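**Q** Spelled out, the chains give:
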Amino acid sequence: MPQAVIIIAQLILQYGIPGAIQIIGLISKSSITQADLDELAKIKPPESYFVLPMK
Amino acid sequence: MRTKKILAVLTVLLVISCATTSFQKAGYDILSTAKVTYDTTLSALGALQKQGKLSDSDVQKVLSVARPYYLAYRAALAAYNVYYANPTPQTQADFTKLLGDVSTQLALFIPILDQYMIETTNLKLLQTKTNTLLKK
Chain Y
47 MPQAVIIIAQ
57 LILQYGIPGA
67 IQIIGLISKS
77 SITQADLDEL
87 AKIKPPESYF
97 VLPMK
Chain V
234 MRTKKILAVL
244 TVLLVISCAT
254 TSFQKAGYDI
264 LSTAKVTYDT
274 TLSALGALQK
284 QGKLSDSDVQ
294 KVLSVARPYY
304 LAYRAALAAY
314 NVYYANPTPQ
324 TQADFTKLLG
334 DVSTQLALFI
344 PILDQYMIET
354 TNLKLLQTKT
364 NTLLKK
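If you're matching them up, the sequences are chains Y and V in order. Those letters in the first sequence? Residues 47 to 101, by our numbering. Those letters in the second sequence? Residues 234 to 369, by our numbering.
Chain Y with its partners taken away, still in its complex shape (with noise of 0.2 Å):
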């Protein structure tokens, strides 16, 4: 809790109040994007795996 506090203070006087908050938003939005939400939908049924006799 006290490094968070010093890092936002060190950013508040490098950059300012609104540059400060511009860049905890950007630290703090998700790295997960969408295109990652996509590739874990790419997920085959297990039948594909296998060679299945035919019905």
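Just so you know, these hints were derived from the structure itself, not from any lab. Source: prediction; values computed, not measured. Be careful, since some hints might not be right.
Said to hold, decoys possible - Incomplete in silico selection of chain Y near chain V, CB under 10 Å:
| # | residue |
| --- | --- |
| 1 | E85 |
| 2 | L86 |
| 3 | K88 |
| 4 | K90 |
| 5 | E93 |
All residues carry an ideal CB built from backbone N, CA and C; glycine is no exception.
Start from chain Y and add chain V according to the hints.
**A** Frame of chain Y, contents of chain V only:
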């Protein structure tokens, strides 16, 4: 005085966003590991079948545990998408519940794979990670 107030607000916002991001990341990591290990494991089993080392009844046995696991994964992913778009305590709880189902199916999947000498270290690691997140 004004700076102190701004600092306090910013700190609270940062802590809240970190907590959300942390759960979001942990959930993503688990789903990602679940997908990769499922794909690797079933690919290995498919190769065994092509080599004639897996009978039709073996394949049916594998499918009987792989299907529920696949469906549980899909359901958990759908819940994760909802949580990702709208991270609230409710969507987080819904996702966590469905992740519990993945964990249950995983527990049934591992002993079957052990029978075919398929490497289950990653699946066991996944089980540990899932259970750790569920206990949070």
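**Q** Indicate, hint by hint, whether the structure satisfies it.
**A** Taking the hints in turn, this is what the structure says about them:
1. E85: holds, 8 Å
2. L86: holds, 5 Å
3. K88: holds, 8 Å
4. K90: holds, 7 Å
5. E93: holds, 7 Å
In this structure, none of the earlier numbered hints is contradicted; all agree with it.
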